[in-house]
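Q: In case you want the letters, here they are:
Protein chains: 2
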Amino acid sequence: MTQESLKQDRVLALSGGVGGAKLALGLRNVVPAGKLTIVANTGDDFEHLGLHVSPDIDTLLYTLAGLDNSETGWGRRDETWTFMAVLAALGGETWFRLGDGDLAIHVERTRRLSAGEPLSNIIRDFAKRLDVRAAIVPMSDDPVRTRVRTAAGWLDFQRYFVEQQCRPAVTDFSYDGASTAEPHPDFVAALTHPELRAVVICPSNPFISIEPILAVPGVREALRACAAPVVAVAPIVGDQAVKGPTAKMMRELGLKVSAETVAERYADLLDGFIVDDGDAPLLPTLPIPAIAAKAVMVSLADREQLAKMTLALADDISRRHSQAAVIKK
Amino acid sequence: MTQESLKQDRVLALSGGVGGAKLALGLRNVVPAGKLTIVANTGDDFEHLGLHVSPDIDTLLYTLAGLDNSETGWGRRDETWTFMAVLAALGGETWFRLGDGDLAIHVERTRRLSAGEPLSNIIRDFAKRLDVRAAIVPMSDDPVRTRVRTAAGWLDFQRYFVEQQCRPAVTDFSYDGASTAEPHPDFVAALTHPELRAVVICPSNPFISIEPILAVPGVREALRACAAPVVAVAPIVGDQAVKGPTAKMMRELGLKVSAETVAERYADLLDGFIVDDGDAPLLPTLPIPAIAAKAVMVSLADREQLAKMTLALADDISRRHSQAAVIKK
Numbered sequence: 014m015t016q017e018s019l020k021q022d023r024v025l026a027l028s029g030g031v032g033g034a035k036l037a038l039g040l041r042n043v044v045p046a047g048k049l050t051i052v053a054n055t056g057d058d059f060e061h062l063g064l065h066v067s068p069d070i071d072t073l074l075y076t077l078a079g080l081d082n083s084e085t086g087w088g089r090r091d092e093t094w095t096f097m098a099v100l101a102a103l104g105g106e107t108w109f110r111l112g113d114g115d116l117a118i119h120v121e122r123t124r125r126l127s128a129g130e131p132l133s134n135i136i137r138d139f140a141k142r143l144d145v146r147a148a149i150v151p152m153s154d155d156p157v158r159t160r161v162r163t164a165a166g167w168l169d170f171q172r173y174f175v176e177q178q179c180r181p182a183v184t185d186f187s188y189d190g191a192s193t194a195e196p197h198p199d200f201v202a203a204l205t206h207p208e209l210r211a212v213v214i215c216p217s218n219p220f221i222s223i224e225p226i227l228a229v230p231g232v233r234e235a236l237r238a239c240a241a242p243v244v245a246v247a248p249i250v251g252d253q254a255v256k257g258p259t260a261k262m263m264r265e266l267g268l269k270v271s272a273e274t275v276a277e278r279y280a281d282l283l284d285g286f287i288v289d290d291g292d293a294p295l296l297p298t299l300p301i302p303a304i305a306a307k308a309v310m311v312s313l314a315d316r317e318q319l320a321k322m323t324l325a326l327a328d329d330i331s332r333r334h335s336q337a338a339v340i341k342k
Numbered sequence: 014m015t016q017e018s019l020k021q022d023r024v025l026a027l028s029g030g031v032g033g034a035k036l037a038l039g040l041r042n043v044v045p046a047g048k049l050t051i052v053a054n055t056g057d058d059f060e061h062l063g064l065h066v067s068p069d070i071d072t073l074l075y076t077l078a079g080l081d082n083s084e085t086g087w088g089r090r091d092e093t094w095t096f097m098a099v100l101a102a103l104g105g106e107t108w109f110r111l112g113d114g115d116l117a118i119h120v121e122r123t124r125r126l127s128a129g130e131p132l133s134n135i136i137r138d139f140a141k142r143l144d145v146r147a148a149i150v151p152m153s154d155d156p157v158r159t160r161v162r163t164a165a166g167w168l169d170f171q172r173y174f175v176e177q178q179c180r181p182a183v184t185d186f187s188y189d190g191a192s193t194a195e196p197h198p199d200f201v202a203a204l205t206h207p208e209l210r211a212v213v214i215c216p217s218n219p220f221i222s223i224e225p226i227l228a229v230p231g232v233r234e235a236l237r238a239c240a241a242p243v244v245a246v247a248p249i250v251g252d253q254a255v256k257g258p259t260a261k262m263m264r265e266l267g268l269k270v271s272a273e274t275v276a277e278r279y280a281d282l283l284d285g286f287i288v289d290d291g292d293a294p295l296l297p298t299l300p301i302p303a304i305a306a307k308a309v310m311v312s313l314a315d316r317e318q319l320a321k322m323t324l325a326l327a328d329d330i331s332r333r334h335s336q337a338a339v340i341k342k
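Chains as they are written, first to last, in my numbering: chain C, 14 to 342; chain F, 14 to 342.
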């Protein structure tokens, strides 16, 4: 390794909620302090009870701050539920459950947004206060809202996801506002940083977590043009989603439920791909350099190990690229 | 008693928070079902954390629903405080403490207000859902905001009351918005109802609970013109306030700390006055017909007994008025 390549120690991760946050935590623990930027999907943000809720950002904050609730897979640990009980007694909407502690982040975010502060500023401050030790950047400070097309028409994402528990069959997605949204400047800066080591697409749902990020103008092109390797971890193992409705959505869209489908959707921008050990037989058929690893993360060690494997794959791709460049010369 | 007078069974109470709510509860228990209207001060309403907080209305709701916290004297019983703990960790404002259950009423009220519903509608619905069994009517659906003048200038009421714990000496009050507010139609209807038995001014702070109500255009005149007796219960016993800063405010304003001062402030509209037994010596000096009773309400029985005494005084005044009318004829 040359002196120059040693300087490449920055990592950019793209993530949705729970599945992505697991790898993001692993990355935070294996990347040097201050060198990890996580770009979060905001397509599932919504207004509820007059409050601005940012589910993926909050999952990242809670997970990286060690405040996540491992039992439910969402929300905070040591949560209380007095608010919801009283809200029900007052006839309020209870389909989206907000814990008492979780509510604080929504109330305070909404207050600061109403005062004119951009979402990214607020999240930067929350991350600092919660000792997250990574930069969490909304993909855009402009609103993007994922909607889901079903037989019953277009549904707002959280109505589909939480209220209807993903029951309606999906025929399409839209990312309202994406076409006029600007990618956050810190996102652009991270993508073009000369010290960037790797871009990691976390094992999040392609349709509702990663593709809303890719729908922001310029992002897909910037990933294609990125000097550092772009690697993704498959959110599908065999024909099952590691978490959530990814497999169900693929079936409903007429796609093959396989890590392969994910690789194909990102093929134009990926340099490397990681599938679960069980999917090792897929490796020769994939359109991009790929390795198998333990992609189902149970323990913290699993998360850190997968993070290391992901970065090792990226480093390997970088090395091969620079060797090829030398040979070309 | 004539057949006609038997029909006069409706009671209208004017109330602030804790002290007033005690008598309001007593009245609710001794007045026939559906016949009590409580007009609540909204001068201490305010926006906090982006939420519309109505302290006096909520104290009335909680007290009449049996949900009040008798230990703190404010908020709800069986409350949890997770929201405040997390809000503090996020750097939010914590000088005004909102319990997790209490928060539900503020969030839901704010949501419904933002959707264009008048405050009074929302409170009517909450009262029904919480089984309050009395009509709680905001003095006005238009915003009125009490401000307190101190050596340091004008302070918003809750900043003075909660954040500064009433420490600054008071020189004046203003009820911003009062001069253009309309009294709530149900308030006007209750005041002019042919079956009205009595108007009861609860033992609330004159400056910050009752006078904001009286500052709404037409209210003072309507009370003066009211066919039913208007009776008040003194919030001062000896030279002490039963609750809160009433005595401190009187001293700072250069007023004599005495039930007498309260009677004088309402003299133009009062037909009867109730002082505590300990203040019986004051009775001959008061400008209006008065009786002494146990005005410090400790038990529920105390509240009901004081309510009965108050209504009995009103009935006595009515009887004397009609006798006087007969004699005149």
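Quick caveat, the hints were computed from the structure, so don't treat them as lab data.
From the three backbone atoms N, C-alpha and C, an ideal C-beta is built for every residue, glycine too.
Take these hints with a grain of salt, some might be off.
Said to hold, decoys possible - Just some of the chain F residues that point at chain C, by a computed CB distance under 7 Å:
1. 60
2. 62
3. 82
4. 96
5. 104
6. 105
7. 110
8. 114
9. 116
10. 126
Q: Going by Cβ atoms only, is residue 82 of chain F closer than 7 Å to chain C?
A: violated (13 Å)
Q: Would the hint on residue 60 of chain F be counted as holding, given a Cβ-Cβ threshold of 7 Å to chain C?
A: violated (10 Å)
Q: Hint validation: residue 62 of chain F versus chain C, beta carbon distance must be below 7 Å. Holds or violated?
A: holds (5 Å)
Q: Do the numbers back the hint for residue 114 of chain F, that is, is its least Cβ distance to chain C under 7 Å?
A: At about 4 Å, which falls below the 7 Å cut-off, the nearest Cβ of chain C leaves the hint on residue 114 of chain F intact, so it holds.
Q: With 7 Å as the cut and Cβ atoms as the points, is residue 126 of chain F at the interface with chain C?
A: violated (9 Å)
Q: Would you settle whether the hint for residue 116 of chain F is holds or violated, based on the nearest Cβ-Cβ distance to chain C being less than 7 Å?
A: Status holds, d = 5 Å.
Q: Hint residue 105 of chain F vs chain C: min CB-CB distance below 7 Å?
A: holds (4 Å)
Q: Is the hint on residue 110 of chain F kept, meaning its closest Cβ partner in chain C is under 7 Å away?
A: violated (13 Å)
Q: Holds or violated: is the Cβ of residue 96 of chain F closer than 7 Å to a Cβ in chain C?
A: Since the shortest Cβ distance to chain C is 5 Å, the answer is holds.
Q: Would the stated hint for residue 104 of chain F survive a check requiring a Cβ distance to chain C of less than 7 Å?
A: holds (6 Å)
Hint violations for this structure: numbers 1, 3, 7, 10, all remaining hints satisfied.
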